[in-house]
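J.: Put chain B on the given structure of chain A with help from the hints.
Which chain is which? The protein sequence lines are A and B, in order.
Residue numbering for the first sequence is 1 to 256, as defined by the numbering used here.
Residue numbering for the second sequence is 1 to 94, as defined by the numbering used here.
Please keep in mind that the hints were generated in silico from the structure rather than gathered at the bench.
Keep in mind it's a predicted model, so treat the numbers as computed, not measured.
Idealized CB from N, CA, C, for every residue including glycine.
You can trust all of the hints, since none of them are fake.
Computed spacing ranges between beta-carbons, pair by pair:
| id | chain 1 | residue 1 | chain 2 | residue 2 | range |
| --- | --- | --- | --- | --- | --- |
| 1 | A | T242 | B | I59 | 48 to 54 Å |
| 2 | B | N46 | A | E64 | 24 to 30 Å |
| 3 | A | D229 | B | H22 | 48 to 54 Å |
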Amino acid sequence: MAGKVDQDALFEFLLRMGDNTLILGHRVSEWCGHAPVLEEDIALANTALDLIGQTQMWLGLAGEVEGKGRSADDLAFLRDAWDFRNVLLCELPNGDFGQTLMRQFLFDAWAVVMLGHLMRSSEPRVAEIAAKASKEAAYHVERSGGTVVGLGDGTEESHGRMQEALDYLWSYAGELFESDAVDQAMAAAGIAPDPAGLRGEYDALVGRVLGEATLSIPEGAYVHKGGRDGRMHTEHLGHLLTSMQWLQRAYPGAEW
Amino acid sequence: MNNEWPLWEVFIRGQHGLSHRHVGSLHAPDAETAIRNARDVYTRRNEGVSIWVVEARHIAATAPGDKGPLFEPSESKVYRHPTFYDIPEEVGHM
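So that you can see chain A by itself, here it is in the shape it has in the complex (with noise of 0.2 Å):
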């Protein structure tokens, strides 16, 4: 049944899958040194690292299906800004630490969602990668979602900032649940579901975070995209990519 798919289409949706834990994981690894406290730092740079150990999996894959002997790496260091298939919510930046831990928060309320979804995949590596994705995912999703009640539910000013970076990011987080030909082959194929129909899971699981954190998601319907495409990625992206890819531009094949 997997074998039928068409293999460019599973190629971009497996770079959609580890473009957004590897540049998403990279801007929280950016914190590592600098969190307000030595806990959040520590737990951050997990976070960061998770997400890279994902997007090593992912793009791994992804590498192979494409079959042109490129590897995870080639794929991370070595594409350019027009190739990366991340949504924009993965590449804003940090902003202060209410709005990072709101970004993580929405994403990660995604991530379980769909990798939940795709343990059941009718492709045995993706169901494989997801099962142990999942695990990393329901941590992260309980840290940042506690993160969030406890900020947003908190002093006039945490509250105020994080009001502050819901309206901010809320009109990126559609962008998860689009949908076009990549993801019509996918569902037929029972590889993984069709975004737009985790919005109900989605929906109700911020919908509860967000409620016991006291804030409220902002009305209008805009959404923000272009990113998991590839049409139209934010400025952020391409200086996030000069700081990520340089040592390997710079001293190309370098190791340690």
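T.: Positioned in the frame of chain A, the structure of chain B alone reads:
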């Protein structure tokens, strides 16, 4: 106003069957967060199967100055150690 989060002492059980051991301390605003922080700070290398946290102020402790009356009297009571028994060979290692 004190802006510091309270201090928590962290106890980790390394394997089923062993007891929890004190591994260190950390700061957190509440018990759930303290457990999550303990997970992230103290179990990164697969150290644990169970975590206990307790707010440090809830631990009652002996005072260092009392160590004379508390502990020194037992120094001279060698008969409390079971070292005066002859163990038969057949028992093997004890």
